[in-house]
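Hey, can you work out the whole structure from these sequences and the hints?
2 protein chains.
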Amino acid sequence: MSQQNLSPNATALDQYINDNLDRYIDETIRLCAQPSVSATGYGVRECTAIVAEMIAARGFEVKTYETPGQPVVVGHAKGTSERTFLFYNHYDVQPPEPLELWTTPPFEPTIRDGKIFARGVADDKGEIIARLAAIDAVRAAHGGDLPCNMVFVVEGEEEVSSPNIAQFVQDHLDILAADGALWEGGGVDHEDRPGSVLGFRGIIAVELSVETMSRDAHSGSAHILPSAAWRIVRALTHLKDENERILIPGFYDRVIPPSAADLALIDAQADYEPFLRKNYGVKNFVANRHGKELHTSVFEPTCNIQGIETGYQGPGTKTVIPAKATVKLDFRLVPDQRPEEILELLRRHLDKQGFEDVQIKFHGSMAPFKATEDDPLVRLTQRTAAEVYGVEPRPLVPLGGGSSPAYAFSGPLGGIPVVHAGIGYPNANGHAPDENMRIKDFVNGARHIARLLDGFADL
Amino acid sequence: MSQQNLSPNATALDQYINDNLDRYIDETIRLCAQPSVSATGYGVRECTAIVAEMIAARGFEVKTYETPGQPVVVGHAKGTSERTFLFYNHYDVQPPEPLELWTTPPFEPTIRDGKIFARGVADDKGEIIARLAAIDAVRAAHGGDLPCNMVFVVEGEEEVSSPNIAQFVQDHLDILAADGALWEGGGVDHEDRPGSVLGFRGIIAVELSVETMSRDAHSGSAHILPSAAWRIVRALTHLKDENERILIPGFYDRVIPPSAADLALIDAQADYEPFLRKNYGVKNFVANRHGKELHTSVFEPTCNIQGIETGYQGPGTKTVIPAKATVKLDFRLVPDQRPEEILELLRRHLDKQGFEDVQIKFHGSMAPFKATEDDPLVRLTQRTAAEVYGVEPRPLVPLGGGSSPAYAFSGPLGGIPVVHAGIGYPNANGHAPDENMRIKDFVNGARHIARLLDGFADL
Numbered sequence: 001m002s003q004q005n006l007s008p009n010a011t012a013l014d015q016y017i018n019d020n021l022d023r024y025i026d027e028t029i030r031l032c033a034q035p036s037v038s039a040t041g042y043g044v045r046e047c048t049a050i051v052a053e054m055i056a057a058r059g060f061e062v063k064t065y066e067t068p069g070q071p072v073v074v075g076h077a078k079g080t081s082e083r084t085f086l087f088y089n090h091y092d093v094q095p096p097e098p099l100e101l102w103t104t105p106p107f108e109p110t111i112r113d114g115k116i117f118a119r120g121v122a123d124d125k126g127e128i129i130a131r132l133a134a135i136d137a138v139r140a141a142h143g144g145d146l147p148c149n150m151v152f153v154v155e156g157e158e159e160v161s162s163p164n165i166a167q168f169v170q171d172h173l174d175i176l177a178a179d180g181a182l183w184e185g186g187g188v189d190h191e192d193r194p195g196s197v198l199g200f201r202g203i204i205a206v207e208l209s210v211e212t213m214s215r216d217a218h219s220g221s222a223h224i225l226p227s228a229a230w231r232i233v234r235a236l237t238h239l240k241d242e243n244e245r246i247l248i249p250g251f252y253d254r255v256i257p258p259s260a261a262d263l264a265l266i267d268a269q270a271d272y273e274p275f276l277r278k279n280y281g282v283k284n285f286v287a288n289r290h291g292k293e294l295h296t297s298v299f300e301p302t303c304n305i306q307g308i309e310t311g312y313q314g315p316g317t318k319t320v321i322p323a324k325a326t327v328k329l330d331f332r333l334v335p336d337q338r339p340e341e342i343l344e345l346l347r348r349h350l351d352k353q354g355f356e357d358v359q360i361k362f363h364g365s366m367a368p369f370k371a372t373e374d375d376p377l378v379r380l381t382q383r384t385a386a387e388v389y390g391v392e393p394r395p396l397v398p399l400g401g402g403s404s405p406a407y408a409f410s411g412p413l414g415g416i417p418v419v420h421a422g423i424g425y426p427n428a429n430g431h432a433p434d435e436n437m438r439i440k441d442f443v444n445g446a447r448h449i450a451r452l453l454d455g456f457a458d459l
Numbered sequence: 001m002s003q004q005n006l007s008p009n010a011t012a013l014d015q016y017i018n019d020n021l022d023r024y025i026d027e028t029i030r031l032c033a034q035p036s037v038s039a040t041g042y043g044v045r046e047c048t049a050i051v052a053e054m055i056a057a058r059g060f061e062v063k064t065y066e067t068p069g070q071p072v073v074v075g076h077a078k079g080t081s082e083r084t085f086l087f088y089n090h091y092d093v094q095p096p097e098p099l100e101l102w103t104t105p106p107f108e109p110t111i112r113d114g115k116i117f118a119r120g121v122a123d124d125k126g127e128i129i130a131r132l133a134a135i136d137a138v139r140a141a142h143g144g145d146l147p148c149n150m151v152f153v154v155e156g157e158e159e160v161s162s163p164n165i166a167q168f169v170q171d172h173l174d175i176l177a178a179d180g181a182l183w184e185g186g187g188v189d190h191e192d193r194p195g196s197v198l199g200f201r202g203i204i205a206v207e208l209s210v211e212t213m214s215r216d217a218h219s220g221s222a223h224i225l226p227s228a229a230w231r232i233v234r235a236l237t238h239l240k241d242e243n244e245r246i247l248i249p250g251f252y253d254r255v256i257p258p259s260a261a262d263l264a265l266i267d268a269q270a271d272y273e274p275f276l277r278k279n280y281g282v283k284n285f286v287a288n289r290h291g292k293e294l295h296t297s298v299f300e301p302t303c304n305i306q307g308i309e310t311g312y313q314g315p316g317t318k319t320v321i322p323a324k325a326t327v328k329l330d331f332r333l334v335p336d337q338r339p340e341e342i343l344e345l346l347r348r349h350l351d352k353q354g355f356e357d358v359q360i361k362f363h364g365s366m367a368p369f370k371a372t373e374d375d376p377l378v379r380l381t382q383r384t385a386a387e388v389y390g391v392e393p394r395p396l397v398p399l400g401g402g403s404s405p406a407y408a409f410s411g412p413l414g415g416i417p418v419v420h421a422g423i424g425y426p427n428a429n430g431h432a433p434d435e436n437m438r439i440k441d442f443v444n445g446a447r448h449i450a451r452l453l454d455g456f457a458d459l
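Residue numbers (the working numbering), protein chains in the order written: chain A, 1 to 459; chain B, 1 to 459.
Keep in mind that the hints were calculated from the coordinates and are not lab data.
Worth double-checking, as some hints may not be accurate.
Which copy? The list can't say, so a pair holds if one copy fits it or any two copies do.
[Unchecked claim] Under the rule of at most 20 Å between Cα atoms (straight-line distance), these lysine-lysine pairs were calculated in the PhoX-like manner:
no., residue 1, residue 2
1, Lys63, Lys78
2, Lys361, Lys324
3, Lys278, Lys352
4, Lys324, Lys292
5, Lys352, Lys283
6, Lys318, Lys361
7, Lys324, Lys283
8, Lys324, Lys278
Below you can see the structure in the form of C-alpha cells.
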C-alpha cells in the first residue's frame, strides 16, 4: 500500500485499540455470557439493558424502543460535523442447540487458540464491541469528540428474519436520518482478504394455491375431473418461459441494466464456475450460462420455485387426482423493481391468463438496493480495508444474489450507501456449535471501522 | 319382462337355490369365519384349504398353485359341451381394523336385519358361495352334469393389487383356456338395478425424477443454479398440452375411437354432471367437457399427475432451490394401447425433447380390454339380469374409466368377454367396518349366475 493512502490518525487508532484490547475482550465476554435467543425470548430483555448501558458508556443518548416483537436499542451521539453515520447490529442470537456439540457451554465464553468461543460472538456481539472499540479510539484521537454524528441501531430479531425492522425504520425516519451506514457481517475470506458488496437483490415470497375439487378423486376419472396438480403446473408455465424470461407484463419495466462500472467490477471477479460445479455438482447452469455470465446474470431477476406440494408423495403409486396444489415461489428483484408492484403485476397476469382461481398468499418481501462503486463511503471502505489488512481487498461485488434487510434502511433514508466491515471469517461457525471469533479479526475489524468513522466526516 | 325371454330352467334353478339357502348361508359363515388377510398373511393358508375343499365338493378337480405371494386355488370341472366358462374370485380380505367400529367382531359372522355381517362377506367370499350355489343349482337342473366346462380361479392377493396374477395367467394359459369369464364384484345400485361394464381402460404408472444438483442451494443463486422443480415442470409441459392432448408421438396410434354401438350406449346413460358437481364440488371439468362428453371422453386416454414432491413444503417460506424433484404419473389407456409400448414412447419422447436427465421408474401397468355390446355372453348377462331382478338393467357402460386386473385374463386368453354378476349393493361397506351382504342380494346373485352357467353352452 502506498504511504499516501494511510488514514491520518491510523497509528493512534491502532495503538488505542491495542492498548485497550483486554477491556474489549472483557466486554465481549460479558455481552456473550448474557443469552438473548430471539426465537424463544430467552434472556432478551436482560441483554437490551447491557447493550444500552455499553453504548451509553460511550456518551450516547440511548433509548430502547418497543416493537410488536423484541425491542430495538437506539443510541445517538453528536459529532463535530453535520454528517451522520449509522451502525446496524443485532443483539439477538440463534438458539444454541445442539448443546452436546459445543466444546464449552455456549453462554460461558471461553478463550482458546486466540479465539473467543460463545454463541453470538461472531453473529453479532463481537462486532458490536468492535464498533464500540472503534468509537472509543476515534474519540480519543479527536480529543474527546466524535468527528461525525452517530446513530447506533441494535435490533433484537435479526435471527428470526427481522419481521419488524422495516416498519420500525418507516416509523422513526426522523431519528434514523444518516448519510451512510455500516451493516453487520463484514470480515475476511479463506485467504484473509476483506471484501464488500455494493448491494443486494430484493425478494418477494408468495405461495400460489389452487383447489379444483372439494376432495381428491380416483384417477379413473382423469378425463373429466380437474386436477389441481396440472392446474398449478399450467399456471407456472405462464410465469416463466424456457429461456428464463419472466412472462409477467411490466415485470422488467423498472429493471436497470448493469452499468459500465458494474461490468468492470464483474470483469475483476474470480471465475465462479469451477467452485459451483464442484460444490453443487452442476452440469448445466440456468439458461446454459457459464463463465462471466455467472456473474453478470445477477442483474437478471428470477422466479424460483421453493417447493411444490400436491397429491400423493408416499412410496409406489396411488391412483389419485389431487384436488389441491400449492407452490411456494420467490422472485429475486433487481434495482429498481418494487416488491409491492410485482405482487400486483403477478395478480393481474394470472387473472388475465385465466387463472383467477389461483390464490396468492404473500410471505414477505425486501426491496433491492445498491450503492455505486464511486460512492465516497464505498471507496473509503475499500481503501482503509487495504490499509488494515495489508492486502488488496477482494474486488467489489456490484450486486449480491441474495437479499438483505439493509434495504429497510438504505432506501427509506434516501438511498444512502451501506457498507460492510467487521470481524467474521469462514470458520466462525455462525448459527452452529462452537461459534467463535478470532481475536486478530476483532482487532482488524475495530481498526477498519475506526478508520471509517475517522474519515466519514470528510467524504 | 316378456315371457319368451325366460331362461328354460329358470324355475328349477330358483327353486333349488331357495330350498338350499340355509346351507349356503352356513357355508358363507364358515368361509367368513376364517380370516385371510393378504396384507399380513393372517389365516391365508387355512382359508385356501377351505376354499379348495368347498370347490372340490362340487365335483371339481382342485389344485392350489404357489406364487411368489399367496397361493391361487384353481378348480376344473368337465361339462357336456366343449365351451368353458371361467370364474374369477379372491379369497383374501382387507384388514379388519379399526376393530372398535364393528358392531360385531369381523371374523364372527352375524346375521342381523336380513344381512350377514363379516369381513369379506361382500368382497368377496359371499360371492364365492353364490357361485357354488349356482353350480349346484345348474348341476341339479341338468341331471348331475354341468352344461359347460368350468374353471374356478380364486386368488389370494386381490386386496394387495394382484401383483402376481398376470404372470400366473401367462404361465398357465393351458389350464385357464376359456370362452368367457365372470368377474367378481357385480350387484345392484342404489335403485336395486343391476348393471355391467363392457371393459376397462388400462393403466401405466410411472415416477419421473430429476436431480439437477448434488444438494439444495440458496435461492439467491437462482439466476445460475439449475432448479429440479422447474425442470420437472418443463418436462410435464412436454407431456400434455393445455387442451389435454398428450404430446408423446405415437401415443394415439393404437387408439380405437368409440364405435357407433358405444355411442349408442352412451346416449342411454344418465346425466353424470349433477352428481359430479355435487360430489366433488367441480366448477370446470377437464377441457370444459360437460353433459354427454363426460361419458364419451372415457375413450380419451389420460395423463394424470398423482403427486409432485419437490423442495420445501413446510409453513411460510424457505429460500431454497430444490435439487431434486419427483412426479408420479398414471396414464389411463384405451383399447388397443399397450402399456409396454407407451413406456418406450415416453422414454423416447423425453430424450428427444432434451430430457435425458429425467429418470423414469416403472410402478406397474394393466392393459385395457373391452367386450362389445353384441357379444353373446354380454347379451345373456343383460337379459338374465332383467329376468332375475325384475327391472331393466342399467344401460351397459361401454368402457369404465378405471382399470381392472380382468385384463390379465381377457387378453391372454384370446380376447374373451368378461362380465359382471354378483351380490354387491351400495351399502355393503367393502373395505370398511360392518361389511355386509344382504341375503336377498345373495339369492339374486346366485340366480343370475346360475342362468349364465345354464345358458353359456348354447351361445
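Right, here's what the structure says about each hint:
Taking the shortest alpha-carbon separations for Lys63 and Lys78, only the intra-copy value of 15 Å comes in at or below 20 Å, while the best inter-copy value is 101 Å. Taking identical chains as interchangeable, the C-alpha atoms of Lys361 and Lys324 lie at most 20 Å apart only when both belong to the same chain, with a minimum of 15 Å there against 24 Å between chains. In this assembly of identical chains, Lys278 and Lys352 lie within 20 Å of each other by CA distance neither inside one copy nor across copies; the values are 43 Å within and 28 Å between. When the C-alpha separation of Lys324 and Lys292 is checked against a cutoff of 20 Å, the pair qualifies neither within a copy, at 42 Å, nor between copies, at 26 Å.
Taking identical chains as interchangeable, the C-alpha atoms of Lys352 and Lys283 lie at most 20 Å apart only when they sit on different chains, with a minimum of 19 Å there against 37 Å within one chain. Taking the shortest alpha-carbon separations for Lys318 and Lys361, only the inter-copy value of 14 Å comes in at or below 20 Å, while the best intra-copy value is 29 Å. Proximity of Lys324 to Lys283 under the C-alpha cut-off of 20 Å is restricted to the inter-copy arrangement: shortest distance 14 Å between copies versus 33 Å within a copy. Taking CA atoms no more than 20 Å apart as the test, Lys324 paired with Lys278 passes between copies only; the shortest distance there is 17 Å, against 38 Å inside one copy.
The structure does not agree with the numbered hints 3, 4 stated previously, though it agrees with the rest.
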